[in-house]
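Peer 1: Here is how the chains run, residue by residue.
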Amino acid sequence: MRKKNQTTFEGSRVDPIIDKYNAEQGSLISILQDIQAEYRYLPREALEHVARRLNIPVVQAFGVATFFRAFTLEPRGRQLIHVCMGTACHVRGSQNVLEEVERKLEIKAGGTTPDGEYTLETVNCVGACALGPVVIRNEEYLSHMTPTKVSGLLKKV
Amino acid sequence: MRISSVKELDELRREIQDSRDPDRPRITVCGGTGCSATGCKGVAGMLRVGLKSRELEGRVDLSVTGCHGFCECGPIVIVYPQGIFYQRVTPEDVDEIITETIEHGKPVERLLYRDPVTGEKKIHETDIPFYQKQMRLTIGNNTAIDPASISDYLATGGYSALAKVLYGMAPEAVIEEIKRSGLRGRGGGGFPTGVKWESTRNAPGDIKYVICNADEGDPGAYMDRSILEGNPHSVLEGMIIGAYAIGSHEGYVYVRNEYPLAVANTATAIQQARELGLLGEDILGSGFSFDIRINRGGGAFVCGESTALMASLEGKPGEPRAKYIHTSEKGLWDMPSNLNNVETWANVPLIINRGSQWYSRIGTESSKGTKVFSLVGKINNTGLVEVPMGITLREIIFDIGGGIPGGRRLKAVQTGGPSGGCIPEALIDLPVDYERLAEVGSMMGSGGMIVMDENTCMVDIARYFTSFLQEESCGKCVPCREGLFRLGEILTDITQGRGRMEDLPIIEDLSEMLKDASLCGLGTTAANPVMSTLNYFRDEYVAHIRDGKCPAGVCRELIAFRIDREKCTGCGVCMKNCPSGAITGEKKQTHVLNTERCTKCGICYDSCRFDAVKKE
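Here the protein sequences line up with chains A and B, keeping their order. Counted the way the UniProt record's numbering counts, the first sequence spans residues 1 to 157. Counted the way the UniProt record's numbering counts, the second sequence spans residues 1 to 616.
Some clues are possibly wrong.
[Unchecked claim] DSSO-like mimics (lysine-lysine), calculated; alpha carbons at most 27 Å apart, straight line:
| # | chain 1 | residue 1 | chain 2 | residue 2 |
| --- | --- | --- | --- | --- |
| 1 | A | 149 | B | 588 |
| 2 | A | 149 | B | 133 |
| 3 | A | 149 | B | 41 |
Everything labelled a hint here was simulated from the structure, so no lab data went into it. Remember, it's a predicted structure, so these values are computed and weren't measured experimentally.
Based on the sequences and whatever the hints tell you, model everything.
Peer 2: Below, the structure written as structure tokens:
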């Protein structure tokens, strides 16, 4: 099942995170969130290790990791750009903002630039609806975005 | 310190209140999401530095609070004891605020809110039209409370409802009181809260769970975020009271991971409540024990549905199940479970403190109390508003919201998120309550209220919600998974000029099927945005299909841009910004747009300062 040549990650590196939640099944999502916060994605070996420690089938760990959109099995870029696609942002033109970011970064939503610098993702409402269209650069909320504001935003980083 | 009796709680409260001088100057900075994005941290930082450098540190209090609601005007700063309301404050304004207001007691004129109609300057929050028609029962205390301080919550009477319940009311009496108040679920469904509690209490079993649904996924809604961020103890107090009434000893707050501040503030509040003995073993010495844990969501819209949320709490993918057996009997880990959303829980202490009679006098026949809405979209005063049930949409949009920007016409109001519908302008005098909204094809939902003007395309809105739901459908049941997929295809065809008139009855058929055959609420209500727009804006669908036109000028395949020769000054801004090189022209000469190369991104339209780019 495992491709031997690509294994670089030791599953047991995530033990402290699992221990923090007493290896409880109900904490699976929290554990995966903490792992992702640490490694910026969910390495396959980590998922397999978590499943072993929580005494759940590996398929459940992968099921959860692929069901929720917050998780990614691919490494993300150093910088995360989220474009909010909530209704309030949509009626104020978030689609145009997204397309401009896609053009500027030369990647589609969900992609990562080849140099590993940026990952671009869309999000279905971040609850900052009064500020729409909203772009979140790493953890910073940028309000009232327009396509023309986009280039400045990416250069500044 | 642990408090082990009501007497000790009252003493502590008195101590806190006595230590506070109401005449002492206090500055509060709104730290809500809106104000954070517009720079409140910088303002608070400058205030801290400014107070220190003028040696006012010990004499003036400074606190960063939760959301004040008027996000349009952030960052908001209020100076007490006068209660002077400053808007759009920048770090550069701080010096003047300290000199004028703190040292000389005078308002800084230019930072006051100016009424756009009368031009009059307003000094206090209560003078501003945005706040005047509101009834801010659950979010009002946000301005007075530092969410990280349990003392602030206690000072405003916090946990007195809990004390009243633990020492003066039997669990059944609490349920009766909530039933009499008429409180209904604020998450969308509107199920009577007291009845829900009662069935969980009566369900057989020793282990029962109480859950707070803070997985606010409706796009365009952020009420629960603001309550949890701004006043987390009010939610905890509600949950503890509910747990006592139901007979539960374990609770969960399931909160979106996209709301890091809400997670942090709730965690702090839980910790503080535990330390004071308001959570945990033997609460207030009453013998009743209850504790709360936080679980963060994984970003799935469907987890707002109760059974999907519970699956996710068990560490499984968030797929709903059929509810032949209610969650009040078999919910989390197959135990009786009671789930209410954030705003519902925050209403509970109010009802206990002031009584069900007082509460049930607010609102309409069937819908009692207030409701928080996030008023967003094409509206002048965006922000969070809390209004009594029964208020009309007109009052919310025009009196509170200040109408539509740019003098444009209101077209529709969308309520209820992806489960709700679009209410046309003609129905704007509709009183807002659960039944009236449902009658016109929408629903209360969790409280998103997205205002749309004549530049919003209703077919595009239907397509938007359908594709949102298609993406968020968990895929477990066929009607929802496949039905939404087909609906999405048809709507995309229409917005791209490939629609046929015979698609309209198919849309109606698919919508009926979704409603009748889907497994959970996501699917059964999924067609509401489509049905309501088709119902009220059929002519727009027809214009797309028959005339190949998008009347609102939104659907790209159906519009074209051109440059008005009369108005173009040849400034070159559009040419420079055009990503596809479709605009050419010499400096100071009229520019030309090559429609072959144009991708209709609209950047030229947005960037032209001379209104020379036309969309038709």
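Peer 1: Now, for every hint given, state plainly whether the structure supports it.
Peer 2: Hints, verified against the model:
1. 149(A) with 588(B): OK: residue 149(A) and residue 588(B) at ~24 Å, within 27 Å.
2. 149(A) with 133(B): violated, 36 Å
3. 149(A) with 41(B): Holds, at about 22 Å.
In summary, the structure is inconsistent with hint 2 from the numbered list given earlier, while agreeing with all the others.
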